[in-house]
Amino acid sequence: MNFIIAASSATHDASTIGGHGTFHYILIMALMMTGIYLILSRSNMIKSIIGLNLFQVAVIMFYVSMGKVEPGTAPILMAEDVPHAEHDGHHDEAHDADSHDAPPAAHSPDPKKDVELGAHTLDHSKKVTVGPTTSKVSKITYSNPLPHVLMLTAIVVGVATTALALSLVVRINEHYGTIEEDELEDKGVLI
Amino acid sequence: MIIHGITIILFLFLYVIAIVIGRSRNLFAAVMLSGIFSLISACLFVIMDAVDVAFTEAAVGAGVSTVLMMIVLNLTSDRESPPVQPKVFPLLVALLTGGVLIYATKDMPAFGDPEALIHQSQTTNHYLWHSFEESHIPNVVTTVLASYRGYDTLGETTVVFTAAVAVMLLLGHVRESETPPKLINDPIALVGAKMLIPYILLFALYVQFHGDFGPGGGFQAGVMFAAAFVLHGMVLSPKHTLKAAPALIIEKLVALGVLLYAAVGIYCLFKGGNFLEYDVLLSHGEKPNPHGQHIGILLVEAGVGLTVFAAMLTLFYKFALRGKA
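Top line first, the protein sequences correspond to chains A and Y.
Using the numbering used here, read the first sequence as starting at 12 and increasing by one per residue.
Using the numbering used here, read the second sequence as starting at 54 and increasing by one per residue.
Bound-form chain Y, shown alone (with noise of 0.2 Å):
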């Protein structure tokens, strides 16, 4: 029970920062609390059993995207001007679509009900029941992840290289005349990021390589690795932190990740086996060995966790060495 009056509880911060937001006129505030309500809605998905999307919805919505936000404020302005009318249709559009998709939850089975038809698929039971003799990796999600949904994950990890290099393209040219302002100013800052910063890469390398015996993996250790660096930029200024990590390198790396997913896939057709198919990976003809898949998804995870990152830090250089327009 008591869990339930905390899901209530977390969902009306999450009704009321939403509120806020839209009445805010202070961008900043606005972006804040956005990061808040990423935070929340975390919290709402380990309630739910979805310990990894919770930790990737921590790591991405409450860490990298307000960031980005922030320093995207920095260049244009933190003050959203009054509007020009009251707009009811928008309230309409809403309550319309809302009255609609409200009316059609009454057709979908009770929240929890262990025997909704979801369960039922012979997929999700392969999955649950099948995937530890077949991998010998006790995380599901890793495994549906990186072995059974292989092509998917690569896709999507195209997707992020495909946004890097989209944002490569519009903001490419960084203007070197000006220096970009260093974004925090203070030695307190400082001192708690420089103690902060090797124990965020130590855990980022631990979500990396225990995804597979627990919550983690390459999209949330990528983006963890990235954060650590884009705390270094912060309290010192973009411009150190290009000395450590030259954007250069950083940028070929953001198609490296994705080379390396890929080459698994076709050494794997060179093995004899079909694309992403890890098992053939130590075999030699036999039957399938399930330490390749192991393997497999070690190589398939360290590529994603390498465009992830890149591609972040990537972001991060291109908004925040932009000068002022």
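Just chain A, same shape as in the assembly (with noise of 0.2 Å):
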């Protein structure tokens, strides 16, 4: 079974996790394949539900960890990085060179160049990785917003249609007085 395949690969990948590796994503898939299995392998419909809602937030941990950022927080603006602080010289050098597309140029979204304003802004004593997602004013970093804005509507959205489902099960049980497949089949109901 995958998830036995992924359990026992914990324990000789877990020095990669932290680090750089797609070791994470590894461990979401193995989880979404439950969540698969138990959809295909049920007859009972309440099973088949509730192997669907692990799928669907196996999915979600995907999107979510994709827009983690390594040293990162959560998206919520510090105080360092509130007031109108974007352009007090400490980082006119990084956007010189295409200061001439306007505003959005405070923030390159060039990684060499903050990878550049990283290394001699931040003291060498400790590898500090720096990239788009990082403020120019605080040496904070965040991680991105737009996966997570994303995926709150979707776990919404998710138990609306859950509660859909269900009440088709509900109606289905009155109707036919089983919500299992195989004996639904027997009936004659299912093709």
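No lab work stands behind these hints, which were simulated from the structure alone.
Because the structure is a prediction, the values reported are computed rather than measured.
Please note that a few of the clues may not be correct.
Footprint (simulated), chain Y over chain A, 3 or more residues, beta carbon under 8 Å [claimed, not checked]:
(1) 72-78
(2) 145-158
(3) 176-186
Short, incomplete list of chain Y residues facing chain A, as computed with Cβ under 7 Å [claimed, not checked]:
(4) 94
(5) 134
(6) 146
Yeah, the Cβ is synthetic: ideal placement off N, Cα and C, and Gly gets one too.
Could you fit the two chains together into a complex? Lean on the hints.
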């Protein structure tokens, strides 16, 4: 079974999870497959709906994990980043080159410049990686907010559709007296 | 390093729960375990910095959907009949799909890589570094949800509304003759719930109005507000809750929330802006006013909260008031 494979590989690759590896995604994919297996293998409809929920949580987790930035924090701006402090001269050199295209250049998406900036403004004692989601002002790294927004609404829509599925189950039970797909098949309801 | 250990332990919990759900014939246990599954995945979301997602998952997955499933078990049956024959095909499909997906992850950037392609997008950087000057709201997730992606959220709110209407259509006829059974018959639960309900309501209001500055917002607050009423319905009886919050009014609130959301958008049109362009709400034709964004987001979140609260409570009524077949 795939989840057993994942569980056993957890012991081998544990060292890579925090650093740079795709091990985290493999964990999530294995979780997704337990959901698919539950949906397909169970003839009980409630079990199928639970499987669907597990699958949904795994997909949401996959999206959210792509938005994670390693030394990052939640995308709620800290006090240092909140005042109109984006042009106070600390990082002029960083965006001089592309200042012709106006405001967005203040935080250039070019990773090379950001790394340079990180290299000579932060101390070298510990290795700090700086990406486009690191604030130039406070040096705080935020995780990517976009996947969070998309998945937040998906969860609420998910419970609404789950409720719809459950109400269909209730009606099927009232009409045929069973919620087992096998028994419905025996009654000739399913083709 | 500790955090990575915690991550792996939480994932192991999730696998164990998924396996137990698969093997258990007792549906009541399976439903409770799926609630715990949601709670643990909410912890994982916090580790991945998605505090708003974690909040929603904890309120929705561990709260409302578990309650709804338990009520459905009450209406149907809480035993799963043994399988006719072992099924090999689903296992093959799952292994094959899983293999393909895991193979595909090899092409992905490393987990947490600050320079991954997804973080290079101009859009993301605009959201992070310019949302505060444009709306004066520190929680980037709220700004993106209610302002930059306002259309999207209006659509999602409409989906919740549509699902509530569909459930009303499917389970519309409450059979009055049969009295629904009391869900919990326990004085300790009654006293405990009575103490909890006011604080749940207060906390839901806090989540609703503090969503601009911390994790929270209309979706989470709506679910929590409904959870207080659901708790009331479970420890007393749904009939008692009907007296406090009549179904006729609640059903109208489902539509009112969506209408409030859309009305804010249309009001922006009348003020000379685009649909859902909150900047024009407070300005008088000169430069856009960020405080208009604040007002707009507050109103729109109120609309979302209203629809989600009323939809969740309507779902509870429809399931809980339905007599056993």
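Tested hints:
no.	hint	result
1	72-78	holds (count 5)
2	145-158	holds (count 9)
3	176-186	holds (count 8)
4	94	holds, 5 Å
5	134	holds, 5 Å
6	146	holds, 6 Å
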